[in-house]
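Visitor: Listed below, chain by chain, are the residues.
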Amino acid sequence: MWVNRGHYRSKEHLMEAAATHDWDSGLDRAFVGGDERALAEAYRRFGPLVYTLALRSLGERAAADDVTQEVFIRAWKSRTTYRPEAARLPAWLIGITRNAISDALSARARQRHLEQAATLLVVDPVSRPDAGDVDEVADRLTLDEELEKLGDPQQAIMRLAFYEDLTHDQISSRLNLPLGTVKSHIRRSLARLRTRLEVEHGTP
Amino acid sequence: MEHLDADLLSLLALGEPLGTDADAAHLAGCPVCSDTLRGLRHAVHIATLDPRGVELEKPGSQNWTAIHQALGLSPALATDPLNQHSVPRGAPPERSAIDPATAQAPLNHGSKTASAPAPIRPSAKNRAARPGLWMMAAAAGIILGTAAGWVAAGVIGHTGTPSPSSTQTAPASIVLAQTSLSPLPAHTGSGDARVEQLPDGTRQLMIRLSNDHITGFRGVWVGSADLTKMVSLGVLANESGNFTIPAGIDLAQYPIVDISNQPYNGDPAHSADSIARGKLNLKN
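From first to last, the protein sequence lines stand for chains A and B. Taking my numbering, the leading residue of the first sequence gets 3, the next gets one more, and so forth. Taking my numbering, the leading residue of the second sequence gets 14, the next gets one more, and so forth.
With the rest of the complex left out, here is chain A:
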């Protein structure tokens, strides 16, 4: 059953999150360097993720449109403050998206308060169930960045643990590193990934 997950979806407006992962750091630099094509490419790769995150949180297409536009406009205008050596563009865009969504939510809350309205925005219930999935895809981009920052041998160790499913014993022999070293790298790296996720979601 799982082998089918990678296949086409027929609905035209739906896209798969798949392509969000292969993003070249050369594009990061092109972006910061003011190459507009890098912005267009960023939109092509991450526009659907940004839009879907916004749609799941805000429940309205018009509001998701606003957030999507704002994210890319804000990103481009503040590109000089973006430092490719400190963050990868996908993770940076996700951060901007989260801020824009929370701005939109608080603006909405203020609006509701002002109106004291009983006719609150109706959230489209069908758009809710997948929110977790999409959030996790965004989190994955964030962790990808954090993994890169680990440097080696931590990165190599975590890569073998995560993507080759090796035990710490096997990693130790594969990389010819002492067992204790591998274990402590795993502990610190995992703790760092966990912390990054918690920071990202504002739960200390």
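Check the hints yourself; a few may be wrong.
Said to hold, decoys possible - Listed next, the in silico BS3-like pairs over lysine-lysine satisfying Cα-Cα at most 25 Å (straight line):
1. B:Lys-71 x A:Lys-79
2. A:Lys-151 x B:Lys-292
3. B:Lys-292 x B:Lys-242
Claimed, not checked - Looking from chain B toward chain A, a few residues come up when the C-beta cut is under 7 Å (computed):
4. Asp-20
5. Pro-72
6. Ser-74
7. Ile-80
8. Gly-85
Read the hints as simulated data drawn from the structure, not as lab findings. Yeah, the Cβ is synthetic: ideal placement off N, Cα and C, and Gly gets one too.
Following the hints, put chain B in place on chain A, whose structure we already have.
Guide: Structure of chain B alone, referenced to chain A:
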């Protein structure tokens, strides 16, 4: 009672079947340890998450129109990028050109990544189960190499195009060294280089270098620290390329990665006009 060892919790989070019965009992009764384990397992789950299959909605074209207009972008970019296969004209290249028809099956980490509260002896690291998955994938006509290439490309931020050679020799490769490539005076191209050891033992030098306006072609070299000895590895035709490092080359003796502007004069020697250079930080 003492809490569980932090190393042990990490390995449990990764699905290694470790721990004594006493550890299990402690974990069952200790909110601190079980909370830590849950947090770590969540990190593992996210890091190993396969985004494929998560459906995203495509924003309407009015969004790009609004962005394009608000930022006064070039008319050449007026078309919604989402309606194109890639951004036009020399745009940053498509990194992995994923063809959904042959797209990789998720590398299913199975129970290892389950986010449910963790049993102390998770059944992951189940070596026996994995060949079965791979065979199923093969039977389904899925290109396994692409999957590993994607993992390499996306996950670790080795974001270069999975090369034909690296995809064929999937799944494992190990980063031996890397460096950034900095432009030399009169040049602007910069990028990075990394050396990966493929499972068959061969070493690949993976180069990425942004465009620079040069008159010749770009030669890829490794050289001694004092640049008195240079070995040519080939021609960098695009913004990225992979080059096999001959087995006899000891990178400790040739730690410099150098990209040169080679004139079209037929002279095989280094032109002495280097575009960018970096020094590999060798592990071990």
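Visitor: Compare the structure with each hint and give your call.
Guide: Going down the list of hints, with the structure as the test:
| no. | hint | in the structure |
| --- | --- | --- |
| 1 | B:Lys-71 x A:Lys-79 | holds (23 Å) |
| 2 | A:Lys-151 x B:Lys-292 | holds (19 Å) |
| 3 | B:Lys-292 x B:Lys-242 | holds (14 Å) |
| 4 | Asp-20 | holds (4 Å) |
| 5 | Pro-72 | holds (4 Å) |
| 6 | Ser-74 | violated (11 Å) |
| 7 | Ile-80 | holds (5 Å) |
| 8 | Gly-85 | violated (10 Å) |
In this structure, the earlier hints numbered 6 and 8 are contradicted, and the remaining ones agree with it.
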